[in-house]
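Asks: Build the full structure now, drawing on both the sequences and the hints.
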Amino acid sequence: MRTTISEELKMLAGMARDFAAKELVDEREEHDRFPFAPLFEDVLGKAVEVGFFAVMLPEEAGGSAEPVTALCVVLDEVCQADASLGATIFTNALAQEVIGQAGGTDKVVMIACEDGSFRQGLIAFPSYNDPGEVDHCARAARARGGYELSGGVEYVVLGGLVKRALLPAKVEGTEGYSWFLVDLDADGIDASEPVLSLGMHACPAVDLSLSAVPGALVGEEGRGGEYFEAAVDRLSAAAAAMAAGVMKGSFAEALEYSRQREQGGRLIVDWSGLRVMLADMALKAKVADMLVEKAAFAADRGELGWQLASRAAALMVGEMATVATTDGIQALGGYGYMKDYGQEKRFRDAKQIQSLMGITHMRRLQFMQRVMDGEAAW
Amino acid sequence: MFEGMTSSTLLEKHPRLEDVMCSLDSVGKMPRGVSAEIRQAVALARRFNETVARPYALELDREMHEDPAFIPWDLVKEINRWGFYTAWIPKIFGGKGWNLGSLIPVVEEFCSECAGIGNLMGVEYFGMSVLFAGWNTRITDKICRDVVEGERSGEPCLIAGLVTEPGAGTDAEETELLHKAQVRCLARKVDGGYVVNGTKVFISNGHVSTWHISTAFEDLSRPAESMMCFAVRRDAKGFNFGRMEKKMGQKGCPASEIIFEDCFVPDEDVIINGEQIRKLRHSPKETAQQVIDFVVTLTRPGVGAMGAGVARGAFQEALAFARETEVGGKPLINQEWAQCLLAEMYANAALARLTYMECNHVTGLYGMAWMLNWKPLYYYMKAMPPSVLDRVMPFANRLQATQQAFRKLIMDWQKDEDARRASGWASLSKFAATDLGIKNCHLAVEFMGEAGIRHDHRAEKFLRDSKLLQIYEGTNQLNRLNLFKCLVAPAAPEAQVFEE
Ligand SMILES: Cc1cc2nc3c(=O)[nH]c(=O)nc-3n(C[C@H](O)[C@H](O)[C@H](O)COP(=O)(O)OP(=O)(O)OC[C@H]3O[C@@H](n4cnc5c(N)ncnc54)[C@H](O)[C@@H]3O)c2cc1C
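Chains as they are written, first to last, in the numbering used here: chain F, 1 to 378; chain W, 1 to 500.
One or more of the hints may lead you astray.
[As the list claims (entries may be wrong)] List time: in silico EDC-like cross-link candidates among lysine to aspartate or glutamate, alpha-carbon distance up to 20 Å:
id: 1; chain 1: W; residue 1: Lys246; chain 2: F; residue 2: Glu319
id: 2; chain 1: W; residue 1: Lys246; chain 2: F; residue 2: Glu30
id: 3; chain 1: W; residue 1: Lys439; chain 2: F; residue 2: Asp280
id: 4; chain 1: W; residue 1: Lys180; chain 2: F; residue 2: Asp270
id: 5; chain 1: W; residue 1: Lys246; chain 2: F; residue 2: Asp340
id: 6; chain 1: W; residue 1: Lys246; chain 2: F; residue 2: Glu27
id: 7; chain 1: W; residue 1: Lys91; chain 2: W; residue 2: Glu37
id: 8; chain 1: W; residue 1: Lys246; chain 2: F; residue 2: Asp270
id: 9; chain 1: W; residue 1: Lys330; chain 2: F; residue 2: Glu175
Calculated from the structure, these hints are not laboratory results.
Replies: Here it is in structure tokens:
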């Protein structure tokens with residue numbers, strides 16, 4: 001992407017790369033020890049300052065109103081170093097996008113402006129689930145002119161860290177589900193300990209259980225699925241960018257190592273058996289880069305069928321990254337399996353990125369449904 | 001074109017039937033009792049899983065996340081108490097003498113619950129096979145009886161195998177690479193023994209083992225010709241534990257760095273050295289490869305079984321998820337795509353199992369312990385009361401003549417093509433079954449979505465654990481090349497391996 005984007009985006013990419021090099025690389029292992037070590041709150045604070053959490057937000061909400069390509073550029077660079085920060089940016093952006101799709105920009109404005117800290121500004125969101133599929137929704141009851149939420153919502157990303165969450169709930173007596181903004185400091189909320197997960201430990205999640213917690217409806221009752229799907233259309237390109245970034249990071253480290261490590265009296269990169277594996281990684285990274293770029297540009301220009309392009313990119317790049325990062329460990333042999341290098345973390349992170357926004361098989365089936373429904377696929 | 005050829009000539013053509021269908025020959029030769037033994041052993045492993053491994057696996061993994069220096073002594077003691085550390089020690093060395101064919105299915109069982117715990121048990125037999133491979137009956141007897149005593153006393157006495165060095169991983173598995181390797185572990189001959197200096201890395205069970213069976217080199221400039229093997233206790237002077245690795249998975253099984261600093265090894269703890277190797281039929285380099293092959297022929301199918309184990313464990317978690325989850329308002333278990341996927345995962349576990357079971361047949365016929373499957377000896381050993389053996393064997397094993405007889409029988413008389421077949425199949429199982437293992441883990445995590453990435457749903461742990469299987473006991477690349485060398489190259493005599 002670095003070659004084809006505008007000068008302005010190149011600057012953004014450079015900024016993200018410098019930020020990653022300065023704030024993420026050296027402490028990657030320590031940051032990843034959360035919840036058994038402190039969270040990198042200082043890094044999150046700096047990420048707020050440089051605007052990573054407001055890339056696509058409208059200007060009146062203090063954002064940069066950049067296109068999705070800009071978000072992809074940032075995520076690609078950040079995830080080459082540490083996808084935990086990427087997943088935090090992504091989760092927040094997905095929540096913002098759902099609110100935006102619901103026409104609730106004012107709500108984002110309200111949150112984003114409250115103060116500069118990530119606690120106040122970021123929105124927790126169950127970003128690994130499609131509530132229309134696996135029904136992890138709370139129940140919403142109309143009460144006192146508003147709504148009260150009860151029940152459980154699993155794996156709410158950033159739930160233990162920030163003040164507000166966007167949660168799915170079913171309003172009694174209506175079809176479908178709706179989105180509600182919830183104050184996580186409110187009475188009646190019980191949050192679990194951070195859920196220990198495969199990857200991206202510094203972007204943690206909690207299980208929430210709610211009992212009559214006030215919630216502000218976002219958009220209209222029962223239209224939550226619609227908003228979510230539209231947000232997924234747009235942010236799938238961003239998920240693909242994350243996977244592409246992780247893959248590039250893995251390839252870079254594999255190549256660097258292979259050029260230094262000798263076995264059998266020569267550099268391992270000079271054994272063609274290993275070189276073919278590296279070539280496959282490089283090919284995947286290249287194809288991923290092309291797909292992300294195409295999907296992001298198509299979305300920004302509103303090209304016919306951009307929605308499916310974006311979704312295709314997320315599914316295909318997500319899968320490629322899981323394969324490439326598996327090889328990324330392999331290239332380093334036993335050392336790749338250890339925390340001393342970045343490869344084992346990239347392997348875990350890539351696999352977790354694959355599950356963003358719901359089970360891949362269901363996303364594939366949805367894709368097919370939309371092709372059959374006549375959405376221009378190509 | 002086959003006209004006029006006899007049946008046996010036809011079957012000799014590549015791929016030779018004997019190379020590709022070893023079970024055909026093995027089944028008839030296998031003692032009947034073996035199948036009952038496998039059933040018993042697997043049942044015991046399942047009981048262990050239910051009472052020990054399943055309830056503890058996640059907690060242990062979490063504990064290691066929190067404190068990477070934690071050493072699971074209690075678990076080691078528990079495995080010891082269950083008798084798994086002596087079960088497959090032959091009776092002539094004081095063990096229970098279970099048939100080796102039952103070890104690998106037990107490894108699968110363990111790993112279907114937790115590959116870390118599986119390795120904590122199984123890698124004992126890697127250490128032991130390095131010990132056995134030099135066919136020094138005196139020292140083998142001594143160390144095996146220490147393990148047995150450790151079981152009796154409740155103070156486990158484990159054995160680790162030390163081969164890998166910081167600069168030589170793949171190289172240490174293959175003499176064609178070893179001769180150009182940057183090995184640093186030097187054994188210098190002195191009066192009454194050797195002084196060893198050097199570092200070994202990634203040693204499974206290092207920190208929990210009493211005996212360490214290590215390779216070293218008498219001449220660092222000619223490692224393939226000067227490999228020797230010795231045993232050393234953890235309390236020996238000059239034997240030091242370095243760091244314990246911080247691994248992605250299999251966290252329950254420590255991987256240790258071990259540093260020798262002027263560590264004196266008395267002659268009596270030398271398993272095999274240059275002087276002894278020169279008395280054998282093969283050249284020193286060939287003997288080094290033979291020793292490596294003895295070990296890996298037993299241990300690589302073991303890692304294949306670990307692949308089958310994680311493949312099955314991941315499948316089981318996915319199946320449980322499908323049964324308890326509704327997707328789009330319908331039970332997942334009733335959705336056709338999910339059924340196809342689960343069938344695929346079932347098949348992957350089964351295919352992985354088939355590879356190691358075939359290896360079991362191959363090693364039963366051609367591995368270093370083939371005699372244990374020889375019917376007369378099998379039944380003789382079954383019938384012999386341990387008390388009698390324990391009175392006679394420690395003396396017999398100490399005799400020079402016993403050792404010489406074993407070395408003649410097992411090392412000198414081993415046919416090249418038998419060695420080749422056993423080693424080739426071991427590699428096949430190792431890489432094929434572990435590739436299938438990690439594949440299933442990937443599928444399970446993906447299939448389970450949000451649940452798949454959560455520690456408490458286990459699939460993610462299987463994935464982290466499974467990745468190691470493609471690395472140790474020779475990377476899967478090295479094992480592909482070894483398969484080529486052993487099973488493909490004979491049909492292409494012009495082929496050269498590691499010479500590109
Ligand atoms: C957790 C763990 C536990 C272990 N336990 C033990 C143990 O108990 N005892 C013990 O002795 N060892 C143990 N090992 C070591 C293990 O066997 C080695 O890691 C393995 O052999 C690979 O060596 P390496 O890590 O040095 O990788 P390298 O040999 O450096 O390999 C790096 C990469 O180069 C590739 N490569 C190397 N040579 C070639 C070639 N000729 N052609 C093509 N590709 C090539 C490899 O396939 C790999 O992808 C353990 C390792 C780990 C990670």
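Asks: Decide if the proposed pair is consistent with the structure: Lys246/W and Asp270/F, CA atoms, cutoff 20 Å inclusive.
Replies: Answer violated: Lys246/W to Asp270/F is near 29 Å, above 20 Å.
Asks: Between Lys330/W and Glu175/F, is the straight-line Cα distance small enough, at 20 Å or below?
Replies: holds, 16 Å
Asks: Lys246/W and Glu27/F: Cα distance at most 20 Å?
Replies: Distance ~15 Å between Lys246/W and Glu27/F Cα, so the pair holds.
Asks: When you check the alpha-carbon spacing of Lys246/W and Asp340/F, does it fall within 20 Å?
Replies: Holds: Lys246/W and Asp340/F sit about 8 Å apart, inside 20 Å.
Asks: Holds or violated: Lys246/W and Glu30/F, Cα atoms, limit 20 Å.
Replies: Given that 20 Å is the threshold and the Cα spacing comes to 12 Å, the pair holds.
Asks: Does Glu37/W lie within 20 Å of Lys91/W when you go C-alpha to C-alpha?
Replies: Since the Cα atoms of Lys91/W and Glu37/W sit roughly 15 Å apart, the hinted pair holds (cutoff 20 Å).
Asks: Lys246/W and Glu319/F were given as a pair; does the straight-line alpha-carbon distance stay at or below 20 Å?
Replies: Judged against 20 Å, a Cα distance of about 27 Å means the pair is violated.
Asks: With a cut-off of 20 Å on the C-alpha distance, tell me whether Lys180/W and Asp270/F pass.
Replies: holds, 15 Å
Asks: Measure nothing beyond the straight line between the CA atoms of Lys439/W and Asp280/F; if it is 20 Å or shorter, mark the hint as holding.
Replies: Holds - the C-alpha atoms of Asp280/F and Lys439/W are around 18 Å apart, at most 20 Å.
Checked against the numbered hints above, the structure breaks hints 1, 8 and satisfies the rest.
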